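Protein chains in written order, with our numbering: chain A, 1 to 338; chain B, 1 to 338; chain C, 1 to 338; chain D, 1 to 338.
Don't take every hint at face value.
Residues from chain D that keep clear of chain C, each with C-beta distances beyond 12 Å, as calculated [stated by the list, open to error]:
1. V30
2. E57
3. R187
4. T201
5. A227
Stretches of chain D that chain C covers, calculated by requiring three or more beta carbons in the stretch to come under 8 Å of a beta carbon on chain C [to be verified]:
6. 43-55
7. 89-100
8. 145-156
9. 166-173
10. 301-310
Think of the hints as simulated: they come from the structure by calculation, not from any bench.
Keep in mind the model is a prediction, meaning the values are calculated, not measured.
Even for Gly, the Cβ is constructed at its ideal location relative to N, Cα and C.
Take a look at the letters that make up each chain.
4 protein chains.
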Amino acid sequence: MIIVLKQHAPQEFVDMLMSSIKAKGVQIDVSKGARKTILGLVGNTSVIDREQIAGYEYVDKVIRVEEPYKRASRTFHPADTVIDVGGVQIGGKKLAVIAGPCSVETPEQIEGVAQAIKAAGATMLRGGAFKPRTSPYSFQGLQDKGLDMLCQAGKKAHLPVVTEIMSADKIDLFLKDDVDIIQIGARNMQNFELLKAVGKTRKPVLLKRGLSATIEEWLMSAEYIMAGGNRNVILCERGIRTFETYTRNTLDLSAVLAVKHKSHLPIVVDPSHATGKRWMVEALSKAAIAAGADGVMIEVHNNPDKALCDGAQSITPDMFARLMDSLRQLAPIVGREL
Amino acid sequence: MIIVLKQHAPQEFVDMLMSSIKAKGVQIDVSKGARKTILGLVGNTSVIDREQIAGYEYVDKVIRVEEPYKRASRTFHPADTVIDVGGVQIGGKKLAVIAGPCSVETPEQIEGVAQAIKAAGATMLRGGAFKPRTSPYSFQGLQDKGLDMLCQAGKKAHLPVVTEIMSADKIDLFLKDDVDIIQIGARNMQNFELLKAVGKTRKPVLLKRGLSATIEEWLMSAEYIMAGGNRNVILCERGIRTFETYTRNTLDLSAVLAVKHKSHLPIVVDPSHATGKRWMVEALSKAAIAAGADGVMIEVHNNPDKALCDGAQSITPDMFARLMDSLRQLAPIVGREL
Amino acid sequence: MIIVLKQHAPQEFVDMLMSSIKAKGVQIDVSKGARKTILGLVGNTSVIDREQIAGYEYVDKVIRVEEPYKRASRTFHPADTVIDVGGVQIGGKKLAVIAGPCSVETPEQIEGVAQAIKAAGATMLRGGAFKPRTSPYSFQGLQDKGLDMLCQAGKKAHLPVVTEIMSADKIDLFLKDDVDIIQIGARNMQNFELLKAVGKTRKPVLLKRGLSATIEEWLMSAEYIMAGGNRNVILCERGIRTFETYTRNTLDLSAVLAVKHKSHLPIVVDPSHATGKRWMVEALSKAAIAAGADGVMIEVHNNPDKALCDGAQSITPDMFARLMDSLRQLAPIVGREL
Amino acid sequence: MIIVLKQHAPQEFVDMLMSSIKAKGVQIDVSKGARKTILGLVGNTSVIDREQIAGYEYVDKVIRVEEPYKRASRTFHPADTVIDVGGVQIGGKKLAVIAGPCSVETPEQIEGVAQAIKAAGATMLRGGAFKPRTSPYSFQGLQDKGLDMLCQAGKKAHLPVVTEIMSADKIDLFLKDDVDIIQIGARNMQNFELLKAVGKTRKPVLLKRGLSATIEEWLMSAEYIMAGGNRNVILCERGIRTFETYTRNTLDLSAVLAVKHKSHLPIVVDPSHATGKRWMVEALSKAAIAAGADGVMIEVHNNPDKALCDGAQSITPDMFARLMDSLRQLAPIVGREL
């Protein structure tokens, strides 16, 4: 950590500040410039409250040199983390392909989709039972019943299941029904109480990036989960909010590289939510894999035109099978398998 | 609602679409252009699922003409809503000034601040007991004990209290301790389960705008609360996330005008969180009132340099007293009282 | 300037870097931490190329402590700059109110507006002769003839005139016609050749903030003009581009405070372009003055419904007279005159 | 075009509006709803001024159904445009790979890079002679001399050359020196006078996307060039400005798909400027090609650590050769050649 002092910081203040920092066992190197004095803090600076120091009148800026996350950082865990999900791995050489409908609607629908994506080579089944909707008047998902249908369909198709949780009081239900990956949606990325709650379990968690979350904030949310002892975190890039309105969000594939650089955690990409346009899904899935993602998450619906939510971004099982063919060709080019 | 069809939409599709819409009791006016056909839907279009129609292959776009919120809309409730909070009103001629520290730290601290701001003319006391922090390693607030200290301080100073809730399981505690306004923070603006939970109470709710929430999404979150039967919603503009990094966020004062135009709900402005800089607070408080806000929410700490969080944006009681003097001069110029 | 080296930077590299920096007369304080080495550069660091150093493989980051602008910085020019424009001052106690139509259309129109705003108390006349339009098929302004009409109208009404330049080859015309302030539009804020060209004149320049320009980039563009010897730069905040679509742009009033803090240059606010909505103009003009702006720039058209461009954001002369009344009441409250 | 009227629009106004529209030869279909009246305009609506109508007091909104660009639109030109650049084609099956240094520095440097990239399979040479720099104190390029060196190097290596123009008064020089593609930089995307000037030539123009330009605005800038008669426009996605600060900009690969969908013009991707990080260039080049781009534009410098600008994002000739190998493997997978 580096503290830049203002030009006219009185000596008493500097002395007070330095002794309070040293009292915490942190050493200080002082550089006196013509107009600014710079304090370089050396040692375990995690005990220093950056915000508090930045608040002092005579402090110009406080600059962090070390990352604020530890468990999520590659610095302290150089090897890629590979997470086992019901026998399927995410983060290793083999790509993860998570597919399924936005919402679970009927047992026939979810089982039909599950069989179709399994046949095409998907490795996991997704489907929403608890749906975060902007409007209170929109369909909110089949709730507990939907969760049941999803888990049944996953078992029948021999596919691990991924589904979103919206409040901590449902965790027991998710554990009892044996959901394989608990998803935290973009709107809950900084619902810290929910992060703490899933951090107490040992279930893999798929953590979507918030609509306007920086990569650092996203990794800090992963850190919340990991701080509770659950190291099984999978990140999911799903587009960020920008001024562009043609696509629902702007897919940020450089974030895949940044996450891989900063962290050892696996990362998958969701082109369906990122764009909101089904005709963009295949090309951006390929781009995601080419950029280095550990997998993709795709909305597939047996009858997208009749889907109860997000039909515009869902592809059909046939389109999904073609997408899988493309990914299968692409994978070896980038050192992956499918 | 307006549906624009693509150029080569087959007649069977158009017939199918139109009859399914008419079956819901909605009338259709058809305009056939050279390249596009436009369907104008007339009647109660809230029964039509916009997303689903937008998903059809032959539909070019679906344009909403009516707003998606009803209870929050000024169309159906032309008069300003005035909310009574423990005898103090928000939304009427008198300005609301909510002040207090970021975090409750000790009984002495919160009582000291409460007395000081009361003396300067504040109308409500704020203070955080449950703190949403980006890092799991930062101070998370004094929790239940902090809530107690805050409510005690409010009672002693005869000031209603405002404090943030972070999960639905704390609602009973908030009601028992007689919190006057339950705050929903920016990061929880689309925590729909929490919105539904406070919607079931009749306590006033202060709903902060999300970091990257559009005005429409914000009003939809208000609608979630109101749909549960709780009409006591106060909106709080606290800056949005943009590319500018000099201020923590970008305060959007045109949002005050937009909200007043679209909705009957009261709106206050929080310049402390919007900017993260204490020396900007007074000038932007004046700007907020000049723009038409119903009040401001200000961080005040008796010793900002030692504050356990957000010291950099807190002002001292003396600075607050000067700010109140400015607002008192300004209020009559814009048809307000303080 | 602070250079943070990576953990495993070889000693030869560190020696090479340090000697190349010292060769430029800059001193270095070294802090060796457990994992990072920090070099604090002391002296005239403007001779050091930050980008180049940041490019070295073993450099983690380069942090600038001093601002990159000099002539625009308040550090080296603590007093407010007051600019004289044909006898009217901008930047002093008296507020500047620049008003007029988006486009000059006819001599009658521009003269009519000029007389009306003069009567209401405006201090300068604006009007576009060269119009930057998103579409090549939209009205591009009356060009040279429009410039003539504007200057004539200004002379008749005894108002200095402000108008936009779009290419350097028109500078002679602007000087010959005796335009009082040359405006650089938002889309040309980083048209560096145009900045250099107006920097060679001594005419006051009104520099609009770019649609997505940071405050630092904006001040760097002012620095471009000032580096040419023209110190008469007036900044104009006109809204930035964000994800919000209800207003055309998002007016950033905290930028007014930031500019006043960082620079000695005067700043005015343009609520008409910022919002695109005429009914927001009066309230946001008041907010701008309350925030500390040195003036406002307002679109006024005698017949907004028939305006050849931007009618939706222009106010009528009557509305303008009422706005002036409000500002006249507000000015003394914030230590200003009008 | 669709015009939505407000609820209480008086009949005289509606009649006036409709007759003024019909006078321009445009037909109107009227839909009267319970609260809103909708006018559907049919015919050549390009003669209608949308902004002006939106300005009327009784108009709620005006919605464009047709795109505002014609010559750039795929609707009127369904086949992909293939542009011939000195014998090399952009927009066809063969991928374009444009490579070279940020700045031309010496004849040896630019010739060395040209030979190296040619050997590795690049199809064009880039290099800056006129450099847009944020600071007036940064290296501004070798100007006319640099242009000469670049064109010489291109001829010797048998590579067409691409270089940026910053003001219209240099066009004759660019034509005389036989530059093969004139580049318009991101900061000049809406420098309309420059767009008009290059529109009068018949030289291919590489038009970079502005830092915060929507896809529609970008295509409108292409339209400016094409409206002058120059149909040889190549678009270049180079990242947009968002709140994320880890990368210099956010590369928007969904824009590649959007442009291909909306327009017939070729599009290339510049991952060097988009990210500012050399280690991201190869992976994002692959992602760009996988997404469907017609080529990439890559910064290559023989000695990036000593580059006079943007060293941090330049790759070495060796890294470039490896990148070309990857692209050569990838191309056939996505139906391309290299």
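Checking each numbered hint in turn, tell me which of them this model violates, lowest number first.
Checked against the structure, the hints that fail are numbers 2, 3, 5, 7, 8, while the rest are satisfied.
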